[in-house]
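Sequences are here, hints too, so could you generate the full structure?
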Amino acid sequence: MLGKKATETLKEPIEFDLHSGLEISTPEFGKLIRISEGPRDHDPGIDPRPEIIRTRWRWIPPAEGAIFRLAAKGVIREERREVGAGSSRSFSSTAGTIEEEGVFLAGSSAWVPLPVNEMVVFDLKILLPAGWDAVSQGRREQHSKTDEGTVVQWKCESPQEEIYLVAGKFFEYADQIDNVDLFAFLREDDSALAAKYLEASQQYIRMYSDMLGPYPQPKFALVENFWETGYGMPSFTLLGPQVIRLPFILRSSYPHEILHDYWGNSVYVDLDSGNWCEGLTAYMADHLMKEVDGQGHEYRRDVLRKYGSYVQEGQDFPLTQFRSRHSGATEAIGYGKSLMIWHMIRREMGDEQFLQGLSNFYQQYRYRKASFSDLADCLQAASSVDGWDIRKFIEYWTTQSGAPRFGMQFELGPQSSEITLKQVQKESPFPLRVPVYFKTANSDQWQMRSVEFPNVESVPRQVTVDLGQGVDHVRIDPYFDVFRKLEPEETPPTLGDIFGTDQGLIVLPQKSADLDRWKEVATQWARTGNFEIVEDGHLEVRTKIDGSKAVWYFGAENELAPGDFQAALTIPEEEYLADEVAGIRVHGVSDRIVGWVTSPVVEAIPGLGRKLPHYGKYSYLAFKGTEPNNSIKGQWPATGSALAMSVNDSPALLPTPERIPLGKPGQLLDPEKLLGHVRLLTNPEMEGRGNGSEGLARAVSWLRDRFEEMDLVPAAPGGTYVDRWSVKDVAGETLQLENVLGLIPGTDPALAQKPVVVMAHIDHLGRGWPDVRSGNEGKLHPGADDNASGVAVMVETARKLKRTIRPQRPILFVATSGEEWGLKGSQRLVSGGCVMPLVEALTAISIDAVGRYKDGSLLVLGAGTATEWVHIVRGVGFTTGIKATSVNDDPGGSDHVIFHKMGIPGVQLTTGAHEDFHRPGDTFEKINGDGLVLIYQWLNETLGYLGNRVEPLTSTLGDGESQPVQRASGSRKVYLGTVPDFADSGPGVRFDSVMPDSPAEKSGVKAGDRLLKLNGEVVADLRMYSQLLSKLEPGTEVTLAIQRNDKVIEIQLTPSKR
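Residues are numbered in this note's numbering as their position in the sequence shown, beginning at 1, plus a constant of 5.
It is possible that part of the hints are untrue.
Just the calculated beta-carbon pair ranges, DEER-fashion [said to hold, decoys possible]:
#1 Q181 to D716: 18 to 24 Å
#2 P842 to S636: 33 to 39 Å
#3 G593 to H148: 57 to 63 Å
#4 E663 to D521: 49 to 55 Å
#5 R532 to S636: 26 to 32 Å
#6 A572 to D964: 50 to 56 Å
Below, in silico cross-link-like pairs of lysine-lysine (DSS-like), each with a Cα-Cα straight-line distance of 25 Å or less [as the list claims (entries may be wrong)]:
#7 K807 to K678
#8 K978 to K784
#9 K859 to K888
#10 K160 to K374
#11 K733 to K784
#12 K490 to K397
Derived by calculation from the structure, the hints in this document are not laboratory data. Built from N, CA and C at the ideal position, the CB exists for glycine as well.
Structure representation (structure tokens):
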């Protein structure tokens, strides 16, 4: 609607643009005049697009006025072209195209008549063929899909700069958070992938709402495009089919696109004064997610490195001239330099004031255009830093090109330690504060002082400060908190150093059978970079190499490459095999950076040409297959810094900074939901859930009702939820035990009998039997961690997955009884206690004692039972940001070890042992609710992957016959009081802690000690330790061979009764 309501009578002429491929019918009223036709300048916005031919029209209404109605038809199919070449974010772009695979129409294609230089609101109704659907801005008001076709209506009531339309054959998935509709529109039926994005949408919308204010759009949708893109539109993002399946996208590009609904798609950019939006979005999304992972300083180092690599002499420009990214240099400035400015301001203001200023900016300029100076005003108003003019600071940094570079002088006197810091760049000095870290000879503690280049009319070129007596180590900006040019020693050579050169050479292997393939890559790179192409057989090539700043050597047969790589480091990973895998190495030689690309797989060469420009931050890479797929990447270690000083030339270790991130992704689940389950299961009415007790029967009944309400398929024999059987106890009394089983069916008939088995034992010790500690007989054992915590996580995981995914293979949830009594519940399960045989189960996961989470304390025990488990753990951690440690061994073991006997790999999730294990002190109050949410999230991601994995895991168990099936703790008679470090890889067993007043503490055993031998027998690992403990008798002295620091000592210890 051209800025007016459709029913409003217009009396003044209006002008609008329309795509020249559209044929207009004569309007019912008034006169339509063609003014001009040709390439039309348009607002490039965040994602630049090629210009198109547009026609400008003027409609003149009749004297009495009229409602303007226009009908047009035609085909729009603009060419897709690569934009951002040479940057890490390049992709193909078009203003609009209508194809069989789908439709993409941006406002810049002029597919609808929009008034010139005005914002619009709109009500858009689209009619499509059967099976198709469409997405635009705003809220969906109407949606009807029939065999005849699809009708969809999107209504947008907030002012927009342009109108988008995306259409295709989509599978739709939906959710909601705080009255915001969430969608995932995928081109393949993939419920697990959709669930990941819907969950991520919830987390990031909650995070940014807490940081900045309520999310500005009525919806957010992930839409899968039919070619590779990275578009961010108001209320949705359009990502390519490969991009959305990259695991790191969920924690990098995805929050970036959601944040754009604040910066760029809600607060609009006044491009005449420069684009502030991209740097601020990158800082509060890409940098923030790295900061959450404790890697913010590494991210900032890479930003500074990229600036040094890509911004060559004559390519720099002030931020007020930045409009959009179209090269490595424009990205390094418009994203990187801008990002660092916001970081420096935040460090000066403090997080609370910084966020308050941004929140005020968002509220004040929502649906309006804003400039750097507008943002500066809002930050200034929120700041309480005395004497600091943020407006002036931002003006200086955005209007001046270049970056500071520092030189350092240090003078050590008897009473002082003076440091002089000088800005040595050719540009004028920049106002800023530079953090200086230092320590003295008599202390291991580092201190920090800021060296200020004041924000005055004439910024000083150098500043001297006295750090005091006895300083022996100094580091200038070691955490990369200041935008500056890095010193060469601070960052290793990378691919980006070559791609960013202004004087490069590509040397081809003349005698290679693959020369033509290498030529194609060279030609492609030369189009977007400053490279001359030569062949190694020509006499003058060596002279050209010596005169170049950067050189690429192509091909293993290259005759000149070995000369420049004689002293080069090799790719360090053991799995790198040069005769099977494409390898890329970069290093410095003489005054140039050189790189060597080899590939034994000729079909992989074109793919390397496409992919390597996106890996600019790395020093070495390896790729497998013909696609090819990256398998190894890394950077060489930095060699030092001219901005560091050590009096004795013996650098001291500077600890990694522990900083609170600017924000954290919102939780997927209210911790109280999980804590409520734990509270209920540890209520005295549950009687400690002892086997055979009425309390355990109540817990089983409660869980059966939960499985029924979430509509899991009953999976116990006879089509019920509960499997009951009888067992005689040691006194000969008959006890009734119960397992609870519920199933999420799979969609693949071939996998219908091959489930993923998820278990959490619901029983505990009641009043102590069968594993009571001496002195605790008859006392109530609540079992909060062991294992009300595991049951709580399993219940909510089952609830979430039942609602959000359709896995290819079944996921079986089982709450077992009798786990504390020799794993009787899991033995019953695999011996006919389920509607399906479990001999072909993919894997078993036992959730057992997960309530005492501390940072990074989630352990995956038994990961060595399948070769894939260690990679699964690593991948889930990468996707979710939740750290877990793979432990190959499985000391003790929970319900899953029954599956080991069948040759089926299985793992236990646990947060480790503690002093309350199997004691009355294992109470509800000690459970970490936020930690339970993290484990719930970790398990959701893992089961989403396993539920859609078709291939079996590669078991290391053989036929399983030799695997132990009894818990080690069940046969142990003694108590030492040591808590092993389950994550330690040996040798021996490292003690993570020692219980107060235990035999171990009384004998002098300390946390951090490493047990090498017990009574002369070598302790190879945790399992061996458990086996040796089972042989000991209370009151009989034993000898421990302990490694403490660099010494091995012997300690005599008398175990007490367990």
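### Query
For which of the previously enumerated hints does the structure constitute a violation, in increasing order of number?
none
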